[in-house]
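Work out the full structure, taking the sequences as your base and the hints as a guide.
Line by line, the protein sequences give chains E and L.
For the first sequence, my numbering puts the final residue at 79, and the numbers step up evenly by one.
For the second sequence, my numbering puts the final residue at 266, and the numbers step up evenly by one.
Don't read these hints as lab results, they were simulated from the structure.
Given the structure is predicted, the values throughout are model-derived calculations rather than measurements.
A couple of the hints might just be wrong.
[Said to hold, decoys possible] Pairwise CB distance ranges, derived in the manner of DEER restraints:
1. ALA33/E - THR80/L: 42 to 50 Å
2. ARG11/L - ASP32/E: 48 to 56 Å
3. LEU66/L - ALA40/E: 23 to 31 Å
4. PHE42/L - ARG58/E: 51 to 59 Å
5. VAL44/E - GLY251/L: 48 to 56 Å
6. GLU236/L - SER36/E: 44 to 52 Å
7. ARG58/E - ARG143/L: 20 to 28 Å
Ideal Cβ placement from N, Cα and C applies to all residues, glycine included.
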Amino acid sequence: MSYVDAGYSIALATLFVYAVGLLLRRRRWERALQMSEPPREPEGAPACGEPS
Amino acid sequence: MSAPTMTRRPRWLTVVGLLGVVAMGFTVWLGLWVTPPDQFQGNLARLLYIHPAIATVALYWVGLVAAGGSLLYLWPRTRSFFWDRLAAAAVEVGAVFAALTLVTGALWGRPVWGVWWTWDARLTSTALLLLLEIGYLALRRVPAEPAIRARRCAVAALLIAIDIPIVHFSVDWWNTLHQGGTFIDPGFQIHASPSMSWTFLLGFVAFSLIFVWLLGVRYQVEVLQDAVGDQELEVSLTERWSEDTELVGAGTNAPTPGPGGGAP
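Here it is as structure tokens:
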């Protein structure tokens, strides 16, 4: 492999791997945000601490 | 800011990403197959369609966003976590581009200069920039209150920015192996054939578009991380509050030793 081929391959592969990694990180944090959202109580249900 | 607003994916960012991929495709095609070999460097000149463009992003675009964002965060009138997150995103993307600058430069330097690395002012100051950016990312992981972390990181980013003019002027201030501007002279005259010039310029556009897309996605990750942290804090505070309420309720209902006893 020539220096030119190596340069282009390394640059493009690094950017591709970093971009895919960022997309996966974004998806993982979106899921974490959904998981950490407090469960919504159904309408009409007594509020937290309120006697039923 | 509510969670749906923060997790929104703007359409313009997708468009920028797609344009970046198309521009990059054309740069590679023109750079490797269409442009002629250089009169002096032969095929090695093809590396110059990507190396200066990568270095420009690593140095100027990243420096502009990171230092600008940090300044705007520190300035009381414009203080917002938006600027802090944007600066943090720029530094991480900048570290990737700085590493690529050094690698593509070494791949060009080995056959042209005869060395992979030398303690040249331009190379050394660029390597220092990469190390400082890694230090910034480590500093960002130190647990602290969000405002304290943001202020600390903004100061660090401004200190890192001192290295940028040193990298830029290193070829003028010191007599080094790394040459000054050879493709474009100070009068902005381009010394190359039209196909080489257009490929060179397209490389700058392609890497700049890719930088904007990476910056946007990295910023979204930063927003989501903070949102999860806030949400978890809110949930644990709510749980703690409801535990306390139950304890107070249990204390009121418990049998009391005498009149006036029990929890307040």
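For PHE42/L and ARG58/E, compare the CB-CB distance with the range 51 to 59 Å and indicate the outcome. holds, 54 Å
Starting from the hint 23 to 31 Å, judge whether the C-beta atoms of LEU66/L and ALA40/E obey it. holds, 27 Å
Outcome of range test on Cβ distance (GLU236/L, SER36/E; 44 to 52 Å): holds, 46 Å
That 42 to 50 Å hint for ALA33/E and THR80/L (C-beta), does it hold up? Check passed, 44 Å falls within 42 to 50 Å.
Outcome of range test on Cβ distance (VAL44/E, GLY251/L; 48 to 56 Å): holds, 55 Å
Whether the CB-CB distance between ARG11/L and ASP32/E falls inside 48 to 56 Å: Given a distance of about 35 Å, which is not inside 48 to 56 Å, the answer is violated.
Can you let me know if the beta-carbon spacing of ARG58/E and ARG143/L is within 20 to 28 Å? For ARG143/L against ARG58/E, whose Cβ atoms are near 21 Å apart, the range 20 to 28 Å holds.
Violation of the numbered hints given earlier is confined to hint 2; every other hint is satisfied by the structure.
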